[in-house]
Structure formats: C-alpha cells, structure tokens
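Chains A, B, C and D, in that order, are what the protein sequence lines are. So in the UniProt record's numbering, spot 229 of the first sequence is number 229, and the numbers just go up one at a time. So in the UniProt record's numbering, spot 201 of the second sequence is number 201, and the numbers just go up one at a time. So in the UniProt record's numbering, spot 328 of the third sequence is number 328, and the numbers just go up one at a time. So in the UniProt record's numbering, spot 61 of the fourth sequence is number 61, and the numbers just go up one at a time.
Take the hints with a grain of salt, since some may be wrong.
Unchecked claim - In silico lysine to aspartate or glutamate, DMTMM-like type, Cα no more than 25 Å apart, as pairs: (1) 60(A) <-> 70(A); (2) 249(D) <-> 216(A); (3) 188(B) <-> 45(D); (4) 249(A) <-> 168(D).
These are calculated hints, taken from the structure and not from any lab test.
Protein chains: 4
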Amino acid sequence: MTHRIAILGASGYTGAELVRLIATHPDMTITALSADRKAGMAMAEVFPFLRHLDLPRLCKIDEIDFSQVDLCFCALPHGTTQEVISALPRNLKIVDLSADFRLRDAAAYEKWYGAPHKALDLQAEAVYGLTEFYRSEIASARLVAGTGCNAATGQFALRPLIAAGVIDLDDILIDLKAGVSGAGRTPKEMLLHAELSGGTHTYSAGGKHRHLGEFDQEFSKIAGRPVMVQFTPHLLPMNRGILATVYVKGDAKTIHQTLESAYASEPFLQVLPFGQLPSTRDIVGSNYCHLGVIGDRIPGRAVVVSVLDNLNKGSSGQALQNANLMLGLPETMGLTLAPIFP
Amino acid sequence: MTHRIAILGASGYTGAELVRLIATHPDMTITALSADRKAGMAMAEVFPFLRHLDLPRLCKIDEIDFSQVDLCFCALPHGTTQEVISALPRNLKIVDLSADFRLRDAAAYEKWYGAPHKALDLQAEAVYGLTEFYRSEIASARLVAGTGCNAATGQFALRPLIAAGVIDLDDILIDLKAGVSGAGRTPKEMLLHAELSGGTHTYSAGGKHRHLGEFDQEFSKIAGRPVMVQFTPHLLPMNRGILATVYVKGDAKTIHQTLESAYASEPFLQVLPFGQLPSTRDIVGSNYCHLGVIGDRIPGRAVVVSVLDNLNKGSSGQALQNANLMLGLPETMGLTLAPIFP
Amino acid sequence: MTHRIAILGASGYTGAELVRLIATHPDMTITALSADRKAGMAMAEVFPFLRHLDLPRLCKIDEIDFSQVDLCFCALPHGTTQEVISALPRNLKIVDLSADFRLRDAAAYEKWYGAPHKALDLQAEAVYGLTEFYRSEIASARLVAGTGCNAATGQFALRPLIAAGVIDLDDILIDLKAGVSGAGRTPKEMLLHAELSGGTHTYSAGGKHRHLGEFDQEFSKIAGRPVMVQFTPHLLPMNRGILATVYVKGDAKTIHQTLESAYASEPFLQVLPFGQLPSTRDIVGSNYCHLGVIGDRIPGRAVVVSVLDNLNKGSSGQALQNANLMLGLPETMGLTLAPIFP
Amino acid sequence: MTHRIAILGASGYTGAELVRLIATHPDMTITALSADRKAGMAMAEVFPFLRHLDLPRLCKIDEIDFSQVDLCFCALPHGTTQEVISALPRNLKIVDLSADFRLRDAAAYEKWYGAPHKALDLQAEAVYGLTEFYRSEIASARLVAGTGCNAATGQFALRPLIAAGVIDLDDILIDLKAGVSGAGRTPKEMLLHAELSGGTHTYSAGGKHRHLGEFDQEFSKIAGRPVMVQFTPHLLPMNRGILATVYVKGDAKTIHQTLESAYASEPFLQVLPFGQLPSTRDIVGSNYCHLGVIGDRIPGRAVVVSVLDNLNKGSSGQALQNANLMLGLPETMGLTLAPIFP
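All chains should be modelled from the sequences, with the hints used to inform the complete structure.
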C-alpha cells in the first residue's frame with residue numbers, strides 16, 4: 001500500500017530533495033506539492049532536474065485536501081511554520097523541517113529566534129527528530145521536528161561521548177564548515193556565486209548561531225546538568241556537505257570505541273577506523289554520516305570529525321527516515337542511495 | 001535471479017560509477033572488482049564514498065573465475081583493453097567502456113588512435129553501444145562497445161535530424177563544453193584544481209578529438225554518404241556534465257518536431273518545449289539526457305543543445321542500460337535515479 | 001599633476017574594479033565615490049577587499065562637486081545612466097560603462113533595450129569606446145561609451161578579419177562562454193552559488209543578446225554592408241573571464257597573419273603562435289586579451305579564440321585605458337598589472 | 001638603480017607569483033630563472049599568464065652567473081634546497097622559500113622533516129623570515145628563511161598575544177582552512193579538480209603538520225617556556241587563501257586591543273573593528289593579512305581569525321618584503337597591489 005504524501009514548501013532546496021528521495025521510495029506517492037508564490041507552476045519549471053517525474057502541480061496550501069494525505073512534510077521558513085501547522089488537521093502526521101518545534105522550552109525558543117512562540121501546544125507535542133536517538137518517540141509521534149543540519153552533525157559526534165562520560169563537558173569546541181545550500185534559495189548578495197566561490201569566512205561566530213539552542217537542550221539533557229559548547233560555523237565554497245571538527249578532552253581511543261559501540265548497528269552512521277578522518281565528498285547526496293577520531297599530539301586531547309550532507313541526512317533524508325518510522329515502514333526505505341562522487 | 005557482475009578497472013571514475021549504480025540494481029550482484037595496481041585493497045580505501053557497501057576486494061584480472069561471472073564491464077584504458085578482452089572467455093558477455101571497439105573500420109581506428117588494432121575479430125564482433133539506436137543488436141550481442149561521452153551527447157542531438165534529412169549535412173558544427181571527470185583520475189598537471197578551477201579553454205580543437213571518428217562513422221552511415229562535422233571541445237571547471245551546442249542549418253520548428261517524435265517514447269531522452277534550452281545542472285548523477293531547440297535570428301539556422309552526465313548516461317549509465325538489454329532485463333532497471341541538485 | 005576622479009555606481013563590481021585599478025595609477029586620485037542606496041557607508045564596508053585604501057565615503061550623486069572633478073566614470077545600470085549623465089555638467093569628461101551610449105542609432109537602441117532613448121544629443125556625441133579601434137576619437141571625446149564585455153571579446157577576434165576581407169561575412173558564428181561577475185552584484189536566484197557552481201547553460205540564445213546590437217553596428221560599418229553574426233552565450237561556473245570561440249570560413253593562416261599584423265604593436269592584444277589557443281585563466285585580473293587561431297580539419301574553416309577578463313579589459317580596464325587617452329596620459333598607465341594565476 | 005634578481009624553481013606556483021610581483025617592482029629586474037626539468041623553455045610556455053612579460057628563458061641552476069646576481073630567491077622543495085644553497089656563492093643574498101632553514105634546531109628539523117640537516121652552518125646563519133617580527137635581523141641577513149604559509153597565518157594572530165601575556169598558553173587551538181595552491185603544482189590524485197572541488201577534509205591532523213615545528217620554536221621563544229598549540233588544517237576547494245580560526249582563553253577586548261596596538265603601524269596587517277571577522281576573499285592576490293577578534297558566549301573565551309593569501313603574504317609576497325629589506329629598499333615596494341575581488 002502506498003502512502004500519500006504532501007510536501008509544503010516544495011520550491012526550496014529541502015523540498016526538492018524530498019521529492020528526489022521519495023521518487024525512488026517504493027511505498028510513498030507524492031499527491032500534493034505546495035509553494036505559495038509559485039502556485040500553478042509545474043515542478044519542472046521550478047526545478048528542471050525533476051522534469052522526468054510525474055508530479056502534481058504546485059498549489060497553495062489551502063488547495064490541498066488533507067483528508068487524502070497520510071503524511072505531510074513541512075519545509076517552510078521558521079515563524080511561518082507555526083501558523084501553517086496550527087491550521088492543519090490535528091490528526092495529520094507531520095514531519096517539520098523548520099526550526100519551529102526543535103526547542104522544548106518556550107523561553108529558549110524566544111531567546112534564539114527573537115519572537116515568542118505562537119503554538120505552544122504543538123511545541124509541547126513535537127518530538128525532536130534526531131532519528132537514531134529518538135526512535136521510539138518518533139515512531140509514535142504525530143509531529144516530528146527535524147533538527148538543524150549543523151546541530152545534527154555535531155550531535156552525531158558528541159552524544160555518545162557525553163552519555164558515556166568520556167570527555168570533559170566544560171571544554172567542547174565545534175569548528176564547523178558548511179556548504180551553501182543550507183542557506184536556502186532566496187537570493188541574497190552574500191550567497192551569489194561571485195561572492196562565495198573561491199573563499200571562506202565565519203558566520204554567526206561568537207556563540208550567536210541558533211543551532212546552539214539545540215546543542216544546549218540536548219547535551220544538557222544527556223548530561224543531566226548544563227552543558228555549553230563553543231561553536232564557530234564557517235561558510236565554504238561548496239554546495240552540499242557539512243564537516244564538524246569537534247575538539248574534546250578525553251582519551252582518543254576510548255572516544256573511538258565509544259562511538260563504534262554506539263553506532264555498531266546503525267545503518268547510516270559509519271565510524272571510520274581509528275586515526276582516519278572523513279571527507280564531505282564521500283557523503284554528498286546520501287543519508288550517510290561518516291565519523292572519525294584521532295588523538296592530538298597533546299595528551300588527553302582528541303578530535304572527532306563528523307560529515308554529512310546538509311540537505312539529505314541533515315534535513316530531507318532525516319525527515320524521510322522519520323516518516324518511515326511514523327508510517328510503520330522499514331527505517332531505511334528509500335534512503336540507501338549511494339553518495340555521488342566525483 | 002541475480003546476475004553476477006565483474007567490473008575490470010574499478011579504481012577509475014567510470015568503474016566507481018558502475019558500482020554506485022549497480023548497488024541499487026535489484027537483479028545484479030557485484031562478485032568481482034579488478035584494479036591491477038590496487039589489487040588487495042578494499043574498494044572503501046580507493047573510493048571512501050562506497051564504504052557503506054559490502055563489496056569484494058580489488059583483485060588482479062587473472063584472479064577472477066569468469067565461469068562464475070554472467071556479465072563483465074570493462075573500464076580499462078584503450079589499447080590495454082584489446083589485449084585484456086582477447087584473453088577473456090569467448091562466451092562471456094562484455095560491456096566495454098573503452099574506445100577500443102567503437103570504430104568498425106580498422107583503418108579508422110588506426111587513424112584516430114595511432115596504432116593498429118590488435119583484435120580485429122573482436123572489433124568485427126562488437127556492437128556500437130548507443131542504446132537508443134542499437135537496441136536489438138545490443139540485446140543479442142556478446143560484446144558491446146560503449147560510446148564516447150562526447151560522441152553520445154552530439155549524436156543524441158543529431159541522429160534523428162540526419163536521418164530525417166531536415167538539416168544541411170555540410171554545415172554541422174558542435175561546440176562542446178565538458179566537465180573534468182571525463183579526463184579520468186590519473187594525475188596530470190592540467191587536471192589539478194589549482195589549474196582548472198575558475199577558467200576554461202579548448203582542447204583537441206581543429207578536428208583532432210578522437211570522438212570525431214565516431215561522429216564520422218555514425219553520421220555517414222545514417223546519411224548514406226560521407227558527413228564530416230566540425231567539433232570544438234572545451235574543458236569547464238565542473239566535475240560532471242557535457243553540454244553540446246549544435247549549430248545546424250534547417251527549420252528550427254521542424255527540427256524540434258523531429259526530435260520530439262524520435263524520442264517520444266524514450267525514457268531517458270527528454271526533449272524540452274520549443275525555445276527552451278537545458279542546463280547540465282539538471283542531469284548530474286543521472287542517466288537522463290535533456291535536449292532543446294531554438295531558432296536563431298538568422299532565418300534557416302537553429303541551435304540544438306544536448307546535455308548529459310559524462311560518467312552516467314555518457315558511459316556507466318549507458319553501459320548498465322546495455323547490460324540490462326543483454327541480460328534480458330528491463331532496460332531502465334537500476335537507472336531511474338533522479339539527478340542531484342544543487 | 002594628479003587628475004581628480006569620480007566614480008558613480010561604486011558599489012557594483014565594475015565600480016570596485018575601477019577603484020582597484022586606479023589605486024595603483026600614478027596620476028589619478030579618487031575624490032568621489034557614489035552609490036545611492038549605500039550613501040554614507042565606507043567603501044571598506046561594501047567591499048572589504050579595499051579596506052587598505054584611503055578612499056572617500058560613498059555619497060549620493062548630487063553631493064558631488066563636479067567642478068572639482070577632472071573625469072567621471074559612470075558605472076550605473078542602463079536606462080538610469082541616460083538621466084544621470086544628462087544632468088551632469090556638459091563640459092565634464094565622462095567614461096560611461098553602461099549600454100546607454102554604445103549604439104549610434106536611436107532605433108537600434110530602442111530595439112535592443114526596449115525603450116526609446118531619452119538623451120539623443122548625448123547619444124550622438126558619444127564615441128564608441130573600443131580603444132584599439134577608436135583611439136583618436138576617444139582622445140578628443142568628452143563622452144566615451146564603454147563597450148559590452150562580450151562585444152569587446154568578439155570584436156577583437158573579428159574586426160581585422162572583416163576589414164581585411166579574409167573571411168566569409170555571411171557565416172560568422174560566435175559561441176561565447178562567460179563568467180558570472182558580468183551579471184552583476186544584484187541578488188537573483190539564478191546567480192546563487194548553489195544554482196551556478198558545477199554546471200553550465202546558454203542564455204539569451206537564438207539572437208536575443210543585446211550585445212548583438214554592437215556587433216551589427218560595428219561589423220556592418222567596417223564591411224560597408226550589413227553583417228549579421230550568429231551569437232550564443234553560455235554562463236560558466238567561474239567568476240571572471242570570457243572565452244569567445246569564433247567560427248569563420250577563410251584560410252586559417254591568412255587569418256592568423258591578419259590578426260598578428262593588426263595587433264603587432266598593441267600592448268594589450270596578444271596573438272599566440274598559430275595553432276595555439278588561449279585560456280581564460282591566463283588573463284584574470286588584467287587588461288590583456290589573448291587571441292589564437294587554428295584551422296579545422298574541414299578545409300576553408302578556421303576557429304579564432306579570444307579571451308579577456310570581463311571586469312577588466314571588458315569594462316573597467318577598457319574604461320581606464322580610455323580615460324588615459326582623454327586626459328592625455330600614456331594609454332597603458334596603471335594597466336600593466338600581470339594577471340593572477342592560479 | 002635596479003637590482004638583478006634570480007629565481008630558482010620558477011616553474012612552481014611560488015616562483016610564478018614572484019615573477020608576477022617583481023614585474024611591477026620599480027627597482028628589480030629578473031635576470032635569471034631556473035627550472036631544471038623545464039630548462040630551455042620560455043616562461044610563457046610554462047605559465048602562459050606571464051606571456052606579456054619580457055623574461056629570460058628557464059635554465060639550469062649551473063648555467064646562472066651568480067656574480068651578476070644581487071639577490072636570489074630560492075623556491076625549491078625542502079631537502080633539495082639545502083644542497084643547492086650550499087653550492088651557491090657564500091656572499092650571495094638569498095631569500096629561501098622552502099622549509100629547510102626555518103627551524104633553528106637541528107634535532108627539531110630532523111624530527112619534523114624526517115632526515116638530518118645537511119647544511120648546519122647555513123641553518124645557523126639563516127634568519128626566520130616573518131618580516132614584521134624580524135625586521136632588523138632580516139635587513140642585515142644574507143640568508144633569510146621564508147616561513148610556512150600556515151605558520152605565518154597562525155603567528156600573526158598569536159605572537160602579540162603570547163608576548164603580552166593576555167591568553168592562556170596551555171590552551172591554544174588553531175583550526176586552519178587552506179586553499180589548494182599551497183600543495184604545489186606536482187600532479188597528485190588528491191589534488192585533482194574532480195577530487196577536490198565541492199568538498200573539504202582535514203589533513204595532517206592530530207599534531208602531524210610540519211608547520212608545528214615553527215609554532216613550537218617561535219611561541220616558546222616568545223613565552224620563554226615551552227608552548228604547544230593544537231593545530232588541525234583542512235583543505236578547501238579554493239585556490240588561494242588561508243583562514244586560521246584561533247581559539248584562545250582570555251579577554252576578547254584585551255586581545256583585540258593588543259593586536260590593534262601591535263599592528264597599528266604595520267602596512268600589511270589590518271586589524272578589523274572588534275567583533276568583525278575577515279574573509280579570505282578580501283586578500284586574494286595581495287600581501288595583506290586581515291585579522292579579527294570576537295568574544296564567545298562562554299566568558300573568558302575569544303576567537304581570533306587571521307586570513308592571508310598563501311602564495312603572496314604566505315610565501316612570495318613575504319619573500320619580496322624581506323628582499324626589499326635586505327637590499328635597503330622601502331619595505332612595501334612592489335607589494336601594494338590591491339587584492340582582486342570577485
């Protein structure tokens with residue numbers, strides 16, 4: 001039996017990535033695609049790379065008959081999302097890719113996103129969508145909040161280490177390198193090819209990046225006490241991929257073993273042999289996350305490197321993985337595409 | 001029933017692309033991978049993006065038991081290929097990706113490749129592997145010669161036009177733009193990132209590119225008289241993709257209709273609406289070829305633009321499409337992955 | 001004695017390139033920089049790469065005292081430019097980089113730019129700014145109209161050939177490859193890094209590109225009869241550089257000799273040895289144009305390749321070269337910076 | 001009076017960058033260029049971007065009459081360099097760009113470079129070439145050892161802070177992002193465009209990068225006690241530029257003031273206003289280094305970001321700056337070219 005899928009916000013990169021993935025999913029059919037400002041257009045006009053697919057035309061959200069939808073992906077901007085989801089049927093299964101339901105705490109949301117939350121009941125209901133760590137909650141959830149792509153990259157490196165108590169919780173530093181597709185398709189001067197190609201710079205440095213709200217929430221919850229990490233993101237001249245270089249204090253081999261044990265049966269989290277570090281080139285277009293650990297020459301320090309595709313494992317792939325769980329399908333269905341290289 | 005597949009030359013880009021594609025093919029299993037200089041290594045060491053797959057170790061060719069192989073892809077350099085295939089069992093189904101068996105004529109081979117052919121019997125036996133035009137021959141062939149990636153791009157634009165007699169055969173010009181992965185993985189100064197990124201130049205200009213041998217052979221055969229096209233390739237700072245801008249003299253709308261009719265039922269050849277021209281971005285990682293036609297302001301002139309992924313539809317995807325036919329499988333099996341964008 | 005320079009439209013790429021070049025010019029000082037929407041900002045805020053320079057703040061045009069300006073560069077959009085220059089003092093020397101004064105014919109302007117010209121007297125007064133071919137007119141001009149960057153690239157390849165009558169005037173084809181900085185700094189979806197990097201496509205194909213107005217005007221004037229070229233531009237994933245592949249019918253060696261003779265004493269136009277073709281990599285950041293000629297395998301056909309930096313020789317370098325002439329300075333002053341590679 | 005300059009190793013990127021810079025230097029003339037394997041070739045064949053210059057042909061080192069050379073730049077690989085310089089006249093002024101004379105200590109050299117030093121007398125004589133900190137020694141030196149490009153980037157961020165005692169010496173972490181031209185022009189698989197573009201990875205992680213030898217030597221000398229920094233370099237898909245993200249413990253404003261004071265009169269070291277961080281895009285092609293400081297949300301932690309062009313300020317620009325001092329010329333002569341953007 002095929003599940004009927006709606007995607008709200010299909011004219012952005014994460015929306016298109018969902019369509020790409022679901023196109024090869026054996027048990028899902030896309031029955032509605034919304035994009036308010038492009039309603040009426042064919043998806044092939046907005047994303048010509050999808051022209052070989054037989055897809056519904058883009059429509060406005062209120063043109064969708066949600067009684068005929070089994071699960072809805074919502075790939076809209078934060079803020080807007082709260083209002084849209086509040087207006088959807090309360091029994092509709094939803095995987096949200098925005099930031100609106102990631103934070104459990106209303107005050108934390110307001111602090112990081114600069115406005116009070118307008119759908120506190122939904123915020124309370126939502127399950128944090130980091131699949132590998134919230135499987136059972138997700139399987140029974142109605143509303144799942146996809147994680148930030150940077151937040152996912154850092155958490156895959158750190159969660160088992162914090163849980164196992166093998167690193168110093170007061171000295172965790174994440175230096176992150178991100179491709180540009182995470183910044184979306186809305187035209188901005190700083191995202192032009194002429195501005196970005198051939199160079200790099202930091203952004204939201206100094207502890208201002210909103211994904212810190214997720215790190216704080218999750219790491220403190222695992223540790224059972226407040227944990228604050230230092231986090232400096234950089235924008236790189238590449239389209240897809242995030243590499244997090246995570247600096248920790250602890251024994252490198254113990255750290256490696258901890259990750260290996262934690263992820264031994266995870267289909268998408270691949271821990272490299274000790275001393276090898278991964279490249280973003282090796283996960284592009286896929287739902288895989290590669291992790292590596294090396295010790296530093298300074299005793300007691302280790303470096304964990306985590307890479308994933310921000311549009312896939314970092315958002316749309318993760319969303320599909322969660323949707324599989326919510327629909328009672330095998331978790332990996334439609335997600336085992338190999339990365340593409342070169 | 002799964003078919004047992006060997007890939008010779010698995011340490012190059014087309015070999016790796018074959019592995020990537022076959023990984024999602026429901027009726028094929030890779031049972032042998034050869035790479036002489038890297039024999040003994042795991043594929044994950046040579047191509048870490050494939051580390052999630054369970055693959056045989058790289059071996060030397062003579063370590064393969066070909067009695068346990070149903071079909072063999074050969075992705076070795078031209079010249080070497082002749083000798084290797086000559087030594088393989090004569091009943092083994094082979095899809096060759098090199099240039100060694102593309103030209104029917106021994107003199108033409110010697111002219112373009114600078115050495116006499118050493119396996120004339122195989123040359124005579126081989127079928128030219130442009131799937132959409134040699135389906136029945138390929139289905140019953142033992143040895144299929146994959147086309148040049150540039151040669152495929154140009155032929156998809158021109159074959160129906162030459163066959164239908166709707167263009168001037170004496171004034172065909174192909175200005176081609178190619179990504180760098182077609183040049184292979186062997187280190188050369190001119191292929192370094194520092195040399196290539198951010199610029200463009202011609203190569204093999206003036207009628208020296210070897211794929212002209214294929215154009216001459218095929219176009220003359222279709223026309224029933226000698227046809228010589230002008231062909232200037234350019235190298236672009238992109239990894240995958242070929243765009244052929246084909247200049248012809250004829251009526252643009254007739255040309256468009258001719259392509260539309262010719263490809264109406266082709267799953268992988270997509271003709272855009274009249275006046276729209278395709279981008280290489282929209283076919284990366286896929287077996288699709290997009291074609292567009294526009295008339296020029298000068299009456300009687302038209303431009304046909306054809307784009308495909310050199311590693312996929314231009315070589316490994318085409319090879320798999322041919323293998324499907326040779327094994328009696330549905331032609332599109334394992335090949336309907338959507339392109340990846342951005 | 002230093003000449004006082006104003007630059008209108010200093011917040012765009014050609015404006016910034018003018019600042020970069022004039023910074024090393026021994027006889028010019030920038031005394032005013034305008035950018036209406038960024039008036040009040042320091043140039044270092046708009047273009048941090050210029051932060052080491054001591055520059056005037058950006059201002060509105062009407063804040064400039066033009067009685068204290070010896071020469072004004074105008075790097076504003078077409079349309080706007082007509083009105084701005086109409087309002088400037090009629091004795092002010094002006095080098096305009098827009099399209100507004102390139103075409104001598106009012107009807108041609110309206111045809112290509114879609115609106116009637118609003119400053120016909122200035123249009124009549126302006127001199128076409130292709131320095132190497134209009135030196136004496138430029139030296140005595142008050143208003144010089146910089147050429148289109150694509151138009152310059154094509155003309156350097158073709159003007160001497162048309163003048164010498166060594167090519168067929170009815171079969172000239174320009175297939176052009178352009179970097180993205182020519183499209184400017186205004187944010188547009190199609191100019192985003194995520195959209196452009198790693199691919200290529202045509203634009204304004206079919207005879208719609210506005211620079212055709214310049215080709216028509218100039219080539220017809222040289223030939224003494226109408227000449228219409230075919231012209232297909234492509235956008236490439238590189239920031240700077242244009243490569244024009246010009247297909248002509250004529251004797252390749254004669255063509256090469258014609259270019260060599262024509263440019264023998266030109267400091268910026270470098271003709272490569274016969275059979276060698278240039279790369280855009282070798283002119284980035286400079287005022288040099290490299291040209292090469294090769295014969296095709298089809299007798300009587302030749303390919304001329306011309307490369308230049310669209311922001312430099314294609315616009316701001318050309319503008320400075322013209323300004324030198326207008327101010328009685330050595331033509332090459334401030335323009336002999338080597339290209340940058342890699 | 002012009003100084004006669006020889007460049008050994010002119011076929012590499014740093015050699016070519018020296019030629020580019022010296023071409024606009026008013027008091028230097030290149031009289032000899034060596035490149036053993038390319039001896040006899042014109043520089044324009046090896047680096048076509050220099051074709052507009054009138055340069056001596058490449059020759060073998062022993063063909064150079066060093067009695068007619070005032071200063072020699074040596075841009076050869078480490079190891080080889082020791083032997084070459086040992087054989088040069090002992091009164092010849094030399095600026096070496098290799099790693100051979102950077103380390104003062106023979107044991108440190110052997111540790112980091114894996115072989116005993118073969119010219120201990122020269123090692124003892126050489127002056128470390130970080131211009132801004134060794135001006136007087138360089139001015140009177142005969143042999144100056146250019147620094148590592150990564151080592152320079154990190155030192156510009158850290159030296160004044162260590163000297164002023166405003167940071168914790170036991171917790172310094174440098175996460176560095178480097179463009180690919182620093183890896184040179186010798187063909188290697190990992191440096192191919194198809195391998196590198198569109199991705200990032202670490203290299204020499206875990207405390208294995210040789211530039212650590214320079215950090216250890218210099219920082220310990222300044223501090224008067226051993227200082228060991230943690231250092232993780234990453235390779236980025238860009239040709240030029242290094243960005244060092246330096247994590248320190250100390251008061252951010254004090255750190256900013258310390259850098260501002262230290263560099264107040266430095267022509268090439270530009271400290272941005274507090275809280276602003278630099279981009280590699282803004283220094284490409286120039287001798288400028290931009291530095292920025294920001295405080296983290298975690299009290300007592302600061303981030304210093306330092307960017308420079310590895311081929312220019314990181315090697316050839318630095319070398320020319322040192323040569324100016326050694327020849328009694330103004331330090332900035334020939335070095336004030338603006339960066340190029342975009």
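Hey, residue 249(D) versus residue 216(A), does the alpha-carbon distance stay inside 25 Å?
With a Cα-Cα distance of about 21 Å, the restraint between residue 249(D) and residue 216(A) holds, given a limit of 25 Å.
25 Å Cα cutoff - pair residue 249(A), residue 168(D):
16 Å, holds
Next pair to validate is residue 60(A) with residue 70(A); report whether the Cα-Cα distance is within 25 Å.
18 Å, holds
With the threshold set at 25 Å, check whether the alpha-carbon distance from residue 188(B) to residue 45(D) stays at or below it.
Holds - the C-alpha atoms of residue 45(D) and residue 188(B) are around 16 Å apart, at most 25 Å.
In this structure, every one of the numbered hints holds.
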